[in-house]
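For reference, the chains in residue letters:
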Amino acid sequence: MKNTPIGISVIAAAVAAAFVAGCGPSSGGGEVKIGHVGPLTGGIAHLGKDNENGARLAVEEANAAKLKIDGKEVKFVFVGEDDQADPKVGATVAQKMVDAKVVGVVGHLNSGTSIPASPIYSQAGIPVISGSATNPKLTEQGFKTQFRVVGRDDQQGPAIASYLATNNKPKVVAVIDDATAYGEGIANEVEKTLKAAKITVLPREKGTDKTTDWKAVLTKLRGRNPDAVFYGGMDATGGPLMKQGRELGIKAVFAFGDGACTDDMAKLAGQAAEGLLCSQAGLPVEAADKKFLANYKKRFNADPILYSPFTYDAANVLIAAMQKANSTDPKKYLPEVASIDFAGVTGKIGFDGKGDRKDAEMTIFTMKGGKVVPVAVIKGGKTMPWAEFAKK
Amino acid sequence: MDTFLQQLVNGLTAGSVYAVVALGYTMVYGIIQLINFAHGEVVMIGAMVAFTIINLLVPSGLPPLAIVLIGAGCAVPICMLVGYGMERLAYRPLRHAPRLAPLITAIGVSIILQHLAMLVWSRNVLAFPQIIQSHTYFIGGAAITTVQIAILAICVTLMAGLALLVYRTPLGTAMRATAQNAQVAGLMGIDINRVIAVTFVIGAALGAIAGVLFGTYYGIAQYTMGSVLGLKAFSAAVLGGIGNIPGAMLGGVLLGLVEALGAGYIGDFTDLCAWGVPLQACEGGGHFILMGSNYQDVFAFIVLILVLVFRPQGLLGERVGDRA
Chain A
1 MKNTPIGISV
11 IAAAVAAAFV
21 AGCGPSSGGG
31 EVKIGHVGPL
41 TGGIAHLGKD
51 NENGARLAVE
61 EANAAKLKID
71 GKEVKFVFVG
81 EDDQADPKVG
91 ATVAQKMVDA
101 KVVGVVGHLN
111 SGTSIPASPI
121 YSQAGIPVIS
131 GSATNPKLTE
141 QGFKTQFRVV
151 GRDDQQGPAI
161 ASYLATNNKP
171 KVVAVIDDAT
181 AYGEGIANEV
191 EKTLKAAKIT
201 VLPREKGTDK
211 TTDWKAVLTK
221 LRGRNPDAVF
231 YGGMDATGGP
241 LMKQGRELGI
251 KAVFAFGDGA
261 CTDDMAKLAG
271 QAAEGLLCSQ
281 AGLPVEAADK
291 KFLANYKKRF
301 NADPILYSPF
311 TYDAANVLIA
321 AMQKANSTDP
331 KKYLPEVASI
341 DFAGVTGKIG
351 FDGKGDRKDA
361 EMTIFTMKGG
371 KVVPVAVIKG
381 GKTMPWAEFA
391 KK
Chain B
1001 MDTFLQQLVN
1011 GLTAGSVYAV
1021 VALGYTMVYG
1031 IIQLINFAHG
1041 EVVMIGAMVA
1051 FTIINLLVPS
1061 GLPPLAIVLI
1071 GAGCAVPICM
1081 LVGYGMERLA
1091 YRPLRHAPRL
1101 APLITAIGVS
1111 IILQHLAMLV
1121 WSRNVLAFPQ
1131 IIQSHTYFIG
1141 GAAITTVQIA
1151 ILAICVTLMA
1161 GLALLVYRTP
1171 LGTAMRATAQ
1181 NAQVAGLMGI
1191 DINRVIAVTF
1201 VIGAALGAIA
1211 GVLFGTYYGI
1221 AQYTMGSVLG
1231 LKAFSAAVLG
1241 GIGNIPGAML
1251 GGVLLGLVEA
1261 LGAGYIGDFT
1271 DLCAWGVPLQ
1281 ACEGGGHFIL
1291 MGSNYQDVFA
1301 FIVLILVLVF
1311 RPQGLLGERV
1321 GDRA
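If you read the protein sequences in the order shown, they are chains A and B. For the first sequence, the working numbering begins at 1 and goes up steadily by one. For the second sequence, the working numbering begins at 1001 and goes up steadily by one.
Honestly, the hints are just simulated from the structure, not real lab data. No experiment lies behind these values; they were computed from the predicted model shown. Careful: at least some of the hints might be erroneous.
Stated by the list, open to error - With the Cβ distance kept under 8 Å, some of the chain A side facing chain B (calculated, not the full set):
1) G207
2) A216
3) K220
Every residue, glycine too, gets a C-beta built ideally from N, C-alpha and C.
Here chain A stands alone, though its shape is the one from the complex:
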């Protein structure tokens, strides 16, 4: 315990510094705090760190550019917090951010933590932009401070369904869900889109999020000869579903939402997973701006994993709005966020009335050699083959 006095003095200094900073002016010039929240511990800590890195890179680049707001040079301070992907902790951390007087927040990573946090930011009037929360409910709550730069689950269902309808041209499609809010939601959207394309949809079959034996359902479906099967659910149940379907001799195309759009499907279903179709909100990392990818690699000595291009854009949107409003006061620059027209590394960013990204991209994947690989990008109802999109 020899170090204790030093340790204490360091903490005391830090507290004092934080106190001084906390009392400092928050409008125009000086130190401006931008927060990021995501899980930095637990099962998806690697994704949380990836998200944080994206936002951190944006803040560091803004500092290096010596931006001037209201005539004064601003120094952005990055505040990263851990919400453990836990909704309760998410709300606590949101309060902490508000107390720390951040002027804008990037995050949270999960829908589950973003939703309870959003009223807290709303009350404090702090803009918050998520780069990865896809649950529609997040922006349906009506908070003016809530935005996201990633697509919604209910844009994903139509995307995969229309891809299926135009590329595989099925006559009869079977739709199965796992009776959860996510699974049922995406299955409903798929069914709606298919029916609109004049494709016959068989009566909905259901399992649960714990079902392991799908044979009864699949046997019943086999008797009706569908050309495609869509399953709204996660990979843990989707893998066995696809494996058992192939064992029963079902030759239909199997399609899934992002819950089952993972490389794990190849482990869970083995060879049977080859050729599945699935969708993800947003774009694969390699589609982001090349300069961003290189800068990220240089700064963090690792490649972006999943949503860091989106958190990078989210942080940049906040900074761009501050510049446009010529103020770092959340109340003053919030309207600029809502009306922003920003060229980010994930494409053009603008928000609709709810705070959702206009024309969010959806990506369709297929399973090839045990990995999900992109085959097409869907944006604004238009489908573009991946090879063509990647060239741009």
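Keeping the supplied structure of chain A fixed, place chain B upon it in accordance with the hints.
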């Protein structure tokens, strides 16, 4: 017809696994009138151990069948040890305690084993390496895979072997004697502690094999898999008459069939439109289904309730007064 035949095949495969698990419940109940609720966890541990071993051996390049056999070969002794351990540590000290005490203990053991497994193997759904190239055969329109054939064959062999053991060997005679009256059997020179321990160990070995079969059939294992599987097997044992060995076999297979046919046809039977109910959803060939195949797991428990109400001694059980 194809569909019906296929549902029968599905039901038989699942049912034979239930039957093997149900044997573990029924043997223990037959001998000490204890419902060993931790038996489902033994099945889970069997699957998990096999998962670990198979995963370790996959890179070795051994033939797939050998890898699975080694996996099962490791799972069986470990589960036997678990079975022996719980009898020795949790149930034997309570053998003369009121009936409720060992029952609650069994639930406790089940929770402990489940959470130990969670610590060792994590909460995730584990994917069994799909190394066995399963070939699908079509018989009269019903698809049956090599894995399914193997499961049926193994389960029948296990059940036949157990029947031989119980009805044709001195150990089996001792087990049946202990089941009839432990005190008198003890006076006749039978080491009842040993016989009871052996019963647990045999039940656990069967459970381990069932776990490996379950894992290779569905391709997944999780630390919670034992609870529902265990409850279903328990229902199967009650259906056949708990304490009765042929009864457990019959009950397991019947339960598998009821489940497969139930889940396969409940949607059609609860479709209000098919019954001619005038609903808006029915227009233009629509459907309004009250209960879908997600009610599959419910059938086991409906069967359990019906049996308890109408034939508490089970299909093959004899009325044994208030022994239970």
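Check your understanding: Does G207 of chain A meet its interface restraint, that is, does its C-beta lie within less than 8 Å of any C-beta in chain B?
Key -> Holds. Min distance 5 Å.
**Study point:** Restraint outcome when K220 of chain A is required to lie within 8 Å of chain B by C-beta distance
**Key:** Holds, because the Cβ-Cβ distance from K220 of chain A to chain B comes to roughly 5 Å (cut-off 8 Å).
Exercise for review: Have a go at the A216 of chain A hint: is there a Cβ in chain B nearer than 8 Å to its own Cβ?
Suggested key: Given a least distance of 4 Å, the restraint on A216 of chain A holds.
Violation of the numbered hints given earlier is absent; every hint is satisfied by the structure.
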